[in-house]
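Following the hints, complete the assembly by docking chains B and C onto the known chain A.
What follows is each chain in one-letter form.
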Amino acid sequence: MLEAGGEEYLRAGALPHMWCPGCGIGIVLGALLRTFAELEYAKNEIVVVTGIGCTGKADDYLSTNALHVTHGRALAFATGVKAYKPGLKVVVIMGDGDSVTIGGNHFIHAARRNIDLTAIVINNFNFGMTGGQASATTPGGKFSSTTLYGNPERDFDVSALACVAGANYVARSTPYHGWALKQHIKEALCKKGFSLVEVFSPCPTNYGKYNEMGDPLKMLNWLKEKGVSREKYEQLEEPEKEDYFAIGTFCDRNSPDFNSRYEEIRARATGKG
Amino acid sequence: MKDKTNTYEIILAGSGGQGLVSSGIMLGEAAILEGKQVMQATSYGIAQRGGLASAEVMISSAEIIFQHVQKPNLILALTEESLNLYLPQASSGAAIFYDTTLIQTTFVQKHEKNNLYGYPFTEIANELGHSGVANIIALGVMIGKSKMIKYASMEMVLRKHFSGKTAEMNVKALYQGRRLGEGQI
Amino acid sequence: MEDVRLIQGNEAIAAGAIYAGADFYAGYPITPSSEIMTEAAKIMPKVGGMFMQMEDEIASVAAVVGASLAGAKAFTATSGPGFSLMQENLGVAVMGEVPCVVITVQRNGPSTGLATKPGQADIMQIRWGRHGDQSVIALTPGSVAECFLMTVQAFNFAEKFRLPVILAADEVVAHARESFALPKPGMIPLVERKKPTVSPEKYSPFAADADGIAPLAAFGSEYVSHISSSMHGPDGYSNNDPENAIWRINQLHRKIEMHRDEIVLTKSYDIDDMDILVIGYGATTGACRAAVKEARKRGLKAGVLQLITIWPFPDKEIEELAKLVKTVVVVEMNYAGQVAGEVRKVIGSEIELKRVNKYNGQIITPQDIIETLK
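Chains as they are written, first to last, in this note's numbering: chain A, 333 to 605; chain B, -5 to 179; chain C, 6 to 379.
In isolation and in its complexed conformation, chain A is listed as follows:
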């Protein structure tokens, strides 16, 4: 069970939230705020950056510093914030549209640059806000309002993408695995360098509706049954892998982050290096 806490980071009077019954975004946000409390972050040292879409609404519920920006560009705005003021705790909350569909270029470059911030990607496999259209994470063959006869394209593995692009920490979890989710968020926040927590998240209203999981419980069960540890996932036969997904930590390393490297550059430029 999740322990309560983190209410101080919620904007007074902001609840109830706007997300649909069965949506995972509120659970992820709750886990983030509880982690803020556990780590005793001050509101004025946190900057939460959001883009556009269902997930992009998250900033309106927060009492921390927040920056709400254009679709797909949240990471680039956050990069400027963090690069200029490295002492800030910068968290970017995005959906799959923001992070790897319209914003894919910023995503791989933020990981490559190893900018010290935490990206939380709430991946619900479709564009929820605009009516359930396919995104870059809609699996091949799956249905959406723009893939009514099945998706002819393949999906990105967001976590794998971040790993190869150079992230220092990458983990995947789900709202069903609430405790593990919060642990991953905590590890990500404590990690210096680019960290990603990808959350496979239910969207019964749209993605579920198009893929025979319109009942919120059905989607949650799907996450529970199909989310398996990396070890288990690796042991699966190839055709089976299609139905399951791995959860857990995918990479954990300590390459110097952008600001640390830039300090070396500054020292060299001023003849102190």
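Derived by calculation from the structure, the hints in this document are not laboratory data.
Certain hints may be false.
Distance condition first, Cα-Cα at most 30 Å in a straight line; then the derived DSS-like pairs of lysine-lysine [unchecked claim]:
| # | chain 1 | residue 1 | chain 2 | residue 2 |
| --- | --- | --- | --- | --- |
| 1 | B | Lys154 | C | Lys51 |
| 2 | B | Lys65 | C | Lys359 |
| 3 | A | Lys421 | A | Lys474 |
| 4 | C | Lys260 | C | Lys350 |
| 5 | C | Lys189 | B | Lys154 |
| 6 | A | Lys421 | C | Lys207 |
| 7 | C | Lys189 | C | Lys199 |
| 8 | A | Lys421 | C | Lys189 |
From a predicted model like this one, the values you see are computed outputs, not experimental measurements.
Chains B and C only, in chain A's frame:
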């Protein structure tokens, strides 16, 4: 070689990679040392190497209003193509200096009397040990003929831009140019 | 002893930014603005500032806005295609009232066009390139000296009025080198953004004072701030109330309108007894002035108005001078007469309006203008 307002409008032309823009900048910097106003513009093409390249320099004791040379009074042409392009300027009073090492003399003989001054800039540069100083030798000639700036100013700028052996070679090239213009070579 | 240097327009822009206190640059290389970026790369780490090469121009403006909200004096530089990419996030700077400077060195277009040649065809894009109701400040330097001075001015306006300021240079002034005496530190007053003085719990990032400007706290200060590209109330949180939207859009316009006379900068030459007014801006200023000098030798009484602030448009200044003449000539490097159209709006249909337009990547010469004055 200058107009009533003491303005020199200079074009250094040739091909990309001949150091024309940096020569133009150094000439301009030398003029600044003498309290002059300077404007320098570059013809900026996709081809930074090869093809026609030119640098414009304007030196004046008054404010220079328009950014580009309108009536050149001094032209350096290091290639046949550039000489061809600027040849008509000679009849309107521009003094054109060209490189006899690189441009066939038969080509220019028929224009000999029209303000054309041919010198073996590249040949002399090679004698000094580096073809790259041909433009500095040319400037050495042009400074002497026009009196647009003092040699000492140019020398000071060359010593600022280059160091060690390169500086010495460039300064030597400048004064070789002076002697060349004075008919001592 | 004055520090006179032969300095390039782009270098002067970078030097002006440093003079103004810029300590953050994020950009993406593009001709003919790249020297601004390479200068920033050279200088920023030496002065304790931050230089970032971003993945594209979209990210460049984004990083600039983010850094500014963290307290930086931030800027970026680009040219036509990159400026097009910047529009959406420039809108964030407008809506979020984020001080920053965007330099666009105009080149010939459309699209990739003549990538290394000058143009002045982005005047309307600068004004209207972003969707939605808004107003911006844009300055056009007409010389290398003005590249420096107007960059400092751009930062001062950005900080004072809490908005993005566009410095619209062009390839001619950006690549020209001129002798220029670099101002000593302290010679030009610098403006810093207004910071909140209320207690942190009372701070609203969009609550404007009587001067139309809301104080801006930096992320990481004792204040907490919520900055949003969505329609928001004074506290920065989403607000869908129609009355609020009116307040917000009015506010974005009125802070510029209130200070219009301070923002609009022009220069005039030879106007006292003129009966022809020649209007130029940016690169064409020099050609206009040279043409008018020549015209006067030939007995034509012409004068020049140089528009330095191009947006908000110098309507009052043009109206005043147009009263004195029979003919107005607008000189610009575009086909449609983007500024000429604005001039026509100001002077009405009674006064003759002539245009000198060139859009082949070549500069407009004094001779081109004299032909029209005859």
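CA of C/Lys189 to CA of B/Lys154, is that 30 Å or under? holds, 23 Å
With the threshold set at 30 Å, check whether the alpha-carbon distance from C/Lys189 to C/Lys199 stays at or below it. holds, 25 Å
Does A/Lys474 lie within 30 Å of A/Lys421 when you go C-alpha to C-alpha? violated, 37 Å
Hinted pair A/Lys421 and C/Lys207, Cα distance within 30 Å: Holds - the C-alpha atoms of C/Lys207 and A/Lys421 are around 23 Å apart, at most 30 Å.
Taking only the CA atoms, is the gap from B/Lys65 to C/Lys359 under or equal to 30 Å? Holds, because 27 Å separates the two Cα atoms, which is no more than 30 Å.
Does the structure keep B/Lys154 and C/Lys51 at a Cα separation of 30 Å or less? Since the Cα atoms of B/Lys154 and C/Lys51 sit roughly 22 Å apart, the hinted pair holds (cutoff 30 Å).
Given the hint that C/Lys260 pairs with C/Lys350, test it: the Cα-Cα distance must not exceed 30 Å. Satisfied, since the Cα-Cα distance of roughly 23 Å is no more than 30 Å.
Straight-line Cα separation of A/Lys421 and C/Lys189 no greater than 30 Å? violated, 38 Å
The structure fails to meet hints 3, 8 from the earlier list, while all remaining hints are met.
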